[in-house]
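Novice: Take a look at the letters that make up each chain.
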Amino acid sequence: MFKKFLLLASAGLMAIGPAVAAEKVKIGFVTTITTPAGVIGKDMVDAVNLAMEDIGGKMAGLDVELIVEDDGFKPAIGKQKTDKLVKQDKVQFVTGFIWSHVLLASQKSALGAGKFLISSNAGPSQMAGKLCHKNFFSTSWQNDQTPMAMGEVLNLNNVKSLYVMAPNYAAGKNMVAGVTRTFKGKIVGKDLTKWGKDAQLDFSAELAKAKASGAEGIFVFYPGKAGGAFIKQYAQAGLQGKIPLYSVFTVDSIALPKLQKANMNGVMGSVMTQFWAPDLDTPQNKKFVSGFKKKYGRYPSFYAAQSYDTIFLIKSAVEAVKGDLSNKDGMRAAMEKANFPSVRGKFSYGNNHFPIQNFYSREVVKDPDGVWTTSVREVVLKNHQDTYAKDCSM
Amino acid sequence: MDWVLIITQLLNGLQLGLLLFLLASGLTLVFGIMDFVNLAHGALYMIGAYFCATLTEFTGSFLWGLLIAVPVTAAAGALLEISIIQRLYSKDHLDHVLATFGLILCFDTAVHFLWGPEGKAIPLPTFLDGRVTILPGIEFPTFRLSIILTGLLLAFVLYFIITHTKMGMLIRAGASNRQMVSAHGIDIKSLFTVVFAVGAAMAGFAGMMISPITEASIGMGNEIIIVAFVVIIIGGIGSIKGAFLAAILVGLIDTMGRSFLDTLLKLILSAENAETAAPALSAMAIYILMAAILAVRPQGLFPPKGR
Amino acid sequence: MRDQIKRGHYSYALIISTALLAMLPLYVHVSGDDFYLDLANRLMILAIAATSLNLILGHGGMISFGHAAYLGIGAYSVGIPAYYEIHNGLFQLLVAITVSGLFALLTGAVCLRTKGVYFIMITMAFTQMAFFGIVSIEEYGGDDGLVIDTRSTFGNFFNLEDTVTLYYFVFVSLLTSLYIVKRIMNSRFGMVIAGSKSNERRMQSIGYNTYRYKLVCYVLSGCLCGYAGALLGNFTNFISPEMMDWTASGELIFMVLLGGTGTLLGPLWGAATFVLLEEWLSGITTYWHFFFGALLIIVVLFVRGGIDGLLKRIRLTK
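Heads up: the protein sequence lines correspond to chains A, B and C, in order. Under our numbering, the first residue of the first sequence is numbered 1, with each subsequent residue one higher. Under our numbering, the first residue of the second sequence is numbered 1, with each subsequent residue one higher. Under our numbering, the first residue of the third sequence is numbered 1, with each subsequent residue one higher.
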């Protein structure tokens, strides 16, 4: 009843409503700008801005507008910002998302409104399986994959017992599940520590337990600033040289400059797994890394690499439909082909729209200028698809 | 049971407790004497850490950085007291909570603006970066041990000042009856400024001592300040002795919970549930302790006399 | 005379704001700015929560620094049944009110034994317990929170899935709760509460068991805030322990104080100012928290009686 009234009233007013503005490609980018995790968001936004420059601010002749929003490291704020992007800014693409829990909280707001949602980092198991959606794409990986590769590395290194530490949130749990799946030895201890804006950064009690456990290796996942803090305490507690460190998403271009400054030589040569590294030999990656270093004077992190890819994925979709942004089916079909120059080289999308790609082992090295960085060693998992794809009904 | 692990964890708990004491002592004095609820005490902990990080970078040595940063933080505290806090004493607790909550927001944002979002690492000199053997088979990080030793030393100095000097006498008198002190012609205004500055220095020092371990970062004081409040409430507002004992107690409970609770919980819960529940429950333990103590003793363990 | 002006001022402001809020969906439907509806929804829900806090803080002088616990309890009372596919709104609201009331009764019985700053801190402690309690339950998402896929339904009559329906549901709830609070404050019970705020000993000496009165008031406030929490859960479609963070309790206090403690409409003004300022400032600069914090300090130092007091002064000087 009331709705009818609304319709009638608005029909009259519609006639004098504002004209439709000239069409633009609008991309919303949700990331963390404030809180200590803002350092990751900064790397991502820098990469997206670089990509915008590299494409000349245009896709298929249309202007591109980028709207960056800060999630404050909180799922509720992330959702609120996604709502704003969808309802107020009327973007066609919602992208970004560092954190799995923020993505899970926000996904319904974007997908329910018929928008494309592209994760530039977070890859929670739910989005790969039960909650997979035709308009959701990832330019990163599913959370379990990288630690699964690490499990294989552990097996190759003949590690028999492992101590596991990760933050207590969606991605942390996925990481633990991943390494547990492929690691053949025994997990002798496990700690999930508090995460979020008041994350636990003092690991004294946990490291003492790890030391007492007598494990042959310690597996950790501490993204962002927690990584640097962990590695320092790992060395201070005297675990270095006793229990080798195997990490994922912990030692990266964000942690390394600080570790170098603090002279934490112990991290040199430490091994991790990743789908990408700054020295990965693809034409697009060379262009990206040199462009990033030139513009910002530092190495890009994997967060930056994935964000850079995000813009090129969208560009491929917009160009495939010749700028007709109402043709969602056309854009979706284009993105499913993954037909764009990716920093990781050619890859394909699985049924759940997560990349099927290689995972490499990486090592911390000094570059010719003496700057600490990571370098690719060898392929650990080739064309790997995540384990949750089978739960996806697409 | 593994004795090496238990002793190491006791030391870790003691270290956390002493860090809390450094923070709580200033809080309890300000609270006890001026009847002022200062949520922004954690912000002083944070800016102390940032000052120290910058000065360490500048002088190239952590010890010099520490030595200069402590008076600088005290000065910042005094400045804050004179410019804003002073105007708040006459208001009620509700206003204190709100205004200092506002101060936290201001400080966090200012630090973000001045130092960027990423936080600052503080490199340690090599002689502090290693480990010492405390008992045969028990190694402990040198730096954590130095937190314990300086914490104990400061606790002793503070205790001495309060029980054996004129200023201490005024502080004790102020905690029990403010009007009486000013009625005796004591310049209570400058006493307040001095006490606030000393509290700021202690909080800043705590921040400086933790940062080589965790890095100085935005909002680092926001979580720990709540725990510090729990400490002074348990100990009894205004009591340094109470703050000391409560801090050690809280430090031990938190560390022991993190170390052994999951093993205990696995006896009654599935392994997976126990792993998630343990850290949360050990964080909860100190609040349960506080509620239980307040239920029995509504003014904490050692309420100052005359209240 | 003064009373008359006061009453005139209240009905005046109330009628205007009611009319504006009632018309908003119409405007939004025309302009297509759905976003403003969301903003207004959040505003009204927080206004209910602030009103509930004002009941104990403003009228009763009990400074609770843990009121966010009830927002969380209310939200989880929608989220947990929804997780088991129970979407019945009446059931969910009943659970929200009952559990909030019980939590308030149990914690209030302990808290009200203490006074002053001890009361502030012990209410916070109980909220921290609730916070970590939810974090520890893996089944309901722990730290990550819980997505509410389907909002509350009320049989075949209506459901809250449609934003406009939700909007009017919240709108009516706000008016009802303001009415209830007004009735409570004007009742004998309200007089005892107000009396024990200004002079508890006198109330005791004339024979009132103030502890019992205050406890009832504390429980009522918890129930109302739990109700607001249930609305909030429906509105955000996502709930997490973060809702019970101590900073969330601080924000509620801010709303009450900004609007004017112990006044009927103060919490509404406070919530509105808070939500709109947050939206406006965060759109301008990343460093908006600074200005927000500065504003808090200014309000405490210079704005006596909050916005409501300001409005009254304007009316009185005319």
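Worth flagging that the hints you see were computed from the coordinates, not collected in a lab. All of these numbers come straight from a predicted model, not from anything done at the bench. Any given hint could be a false lead.
[Claimed, not checked] The calculated lysine to aspartate or glutamate pairs, modelled on EDC-like cross-linking and capped at a C-alpha distance of 20 Å, are:
1. Lys211(A) <-> Asp92(B)
2. Lys26(A) <-> Asp63(A)
3. Lys366(A) <-> Asp279(A)
4. Lys108(A) <-> Glu278(C)
5. Lys90(A) <-> Glu85(C)
6. Lys194(A) <-> Glu223(B)
7. Lys286(A) <-> Asp46(A)
8. Lys315(A) <-> Asp279(A)
9. Lys42(A) <-> Asp63(A)
10. Lys108(A) <-> Asp34(C)
11. Lys108(A) <-> Glu85(C)
12. Lys115(C) <-> Asp92(B)
13. Lys295(A) <-> Asp46(A)
Novice: Confirm or reject each hint.
Specialist: Now for the hints, and whether the structure bears them out:
1. Lys211(A) <-> Asp92(B): Between lysine 211(A) and aspartate 92(B) the Cα gap is close to 50 Å, so the pair fails against 20 Å, i.e. violated.
2. Lys26(A) <-> Asp63(A): The hint holds at about 9 Å.
3. Lys366(A) <-> Asp279(A): Holds, at roughly 12 Å.
4. Lys108(A) <-> Glu278(C): violated (24 Å)
5. Lys90(A) <-> Glu85(C): Measuring from Cα to Cα gives roughly 32 Å; hence the hint is violated.
6. Lys194(A) <-> Glu223(B): holds (12 Å)
7. Lys286(A) <-> Asp46(A): Answer holds: lysine 286(A) to aspartate 46(A) is near 17 Å, not above 20 Å.
8. Lys315(A) <-> Asp279(A): At roughly 25 Å apart (the allowed maximum being 20 Å), aspartate 279(A) and lysine 315(A) break the hint.
9. Lys42(A) <-> Asp63(A): violated (23 Å)
10. Lys108(A) <-> Asp34(C): Given pair lysine 108(A), aspartate 34(C) holds - Cα atoms ~16 Å apart, limit 20 Å.
11. Lys108(A) <-> Glu85(C): The given pair, whose Cα atoms are some 17 Å apart, holds under the 20 Å limit.
12. Lys115(C) <-> Asp92(B): The hint holds at about 13 Å.
13. Lys295(A) <-> Asp46(A): holds (9 Å)
Of the numbered hints given earlier, the model fails hints 1, 4, 5, 8 and 9; all others are met.
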